[in-house]
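Engineer: Line order of the protein sequences matches chains A and B.
According to the numbering used here, numbering within the first sequence proceeds without interruption in unit steps and concludes at 979.
According to the numbering used here, numbering within the second sequence proceeds without interruption in unit steps and concludes at 979.
If you are wondering where the hints come from, they were derived from the structure by calculation, not from laboratory data.
Given the structure is predicted, the values throughout are model-derived calculations rather than measurements.
Warning: the hint list may mix true and false statements.
Copies of one chain are not kept apart here, so a pair can be met inside one copy or by any two copies together.
What the hints assert, rightly or not - Simulated crosslink set (SDA-like; lysine to any residue; CA at most 20 Å straight-line):
id, residue 1, residue 2
1, Lys798, Lys952
2, Lys798, Thr808
3, Lys798, Glu884
4, Lys798, Asn870
5, Lys798, Val821
6, Lys952, Glu936
Protein chains: 2
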Amino acid sequence: MKFCSECGQGVTARVPDGDTHSRFVCDHCQTIHYQNPRIVAGCLAVHGQQVLLCRRAIEPRRGYWTLPAGFMENGETTEEAALRETWEEARARLQQQELYMLFNLPHINQVYMFFRGDLADLDFSAGEESLEVRLFHEHEIPWDELAFPTIGKTLKQYFIDRQVQTFPIRIRDILYRPGQTRR
Amino acid sequence: MKFCSECGQGVTARVPDGDTHSRFVCDHCQTIHYQNPRIVAGCLAVHGQQVLLCRRAIEPRRGYWTLPAGFMENGETTEEAALRETWEEARARLQQQELYMLFNLPHINQVYMFFRGDLADLDFSAGEESLEVRLFHEHEIPWDELAFPTIGKTLKQYFIDRQVQTFPIRIRDILYRPGQTRR
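Isolated chain A (complex conformation) (with noise of 0.2 Å):
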């Protein structure tokens, strides 16, 4: 941030009074920018033995597979959130979902979190970002051309809990440590 998108003059990031945290001020129009992290939503659909990835169409991690998923909206909750994100990606519709994975990711401002439902029907397709998406039993998930960390620990965690069809809300925090690499 470099300009106050309230007056349009520049902004400097300094400790407001009685703040704890920098934050972009304008000394212009007094303003104090706050940044706060996002939430993505996204969903596990599954259709018997089998879940539902879709292979990336857009940057990051493109041509890799992912769960749908997506920031969150104003004006939608979090479960609608993760609806539309897997109509638009993968243009499946879910039943009886329920939230099942959330992760902090503190490094890079994100809170996801994933619901687990059936899939309503086989007419699912790929969406704009989705290049193809199709169902996978777990031998058949590519492990290694996951996007991202939080795909395989959903997927894992899930094959876990299928053996004794039992699906707690689980939450986990991926913390970045210097020397590994980012994704």
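Here the structure of chain A is known, so what remains is to put chain B in place on it, guided by the hints.
Structural biologist: Chain B in isolation, oriented as in the chain A frame:
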């Protein structure tokens, strides 16, 4: 938003190519400015049969009682945000906290997350944003003087769940219906 935060030129609201939502777009430097929901994180701090409430020293709802909570910051997890807010507003520390209530509030673009945990000690006090902090038994709760709908709903659910000592993560949508008074 009136000006581009990257180049300082005026922005216009329109649906960018390939998008489905209206955004503030800069026709000078082509930046698309996305706006997304924010997470409010807080704690339901328990001590025996009592719960901790703070009386707000700031607007909105100055003078009304709340659970300690506030906007999640970049660089932290939801749990860290909840514990930080509890420290800032009530100088209280928790132990064994777990996610308890998640509220979607799409009409104000917020997602609330309350963690439930035991007070680590009784060494709490009003932080800068609180007039007063104290413990309440169920029959003492100032139901008509609670700051926000999320607070009353969390407390009511807790007193129900406490009877059976089972605290599943609960998800609620609070939807604004035209004709209601907004808070």
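Engineer: Now look at each hint and say whether the structure bears it out.
Structural biologist: Comparing the hints with the structure gives:
| no. | hint | in the structure |
| --- | --- | --- |
| 1 | Lys798 - Lys952 | neither (42 Å within a copy, 45 Å between copies) |
| 2 | Lys798 - Thr808 | both (8 Å within a copy, 18 Å between copies) |
| 3 | Lys798 - Glu884 | neither (33 Å within a copy, 30 Å between copies) |
| 4 | Lys798 - Asn870 | between (24 Å within a copy, 18 Å between copies) |
| 5 | Lys798 - Val821 | both (10 Å within a copy, 16 Å between copies) |
| 6 | Lys952 - Glu936 | within (13 Å within a copy, 46 Å between copies) |
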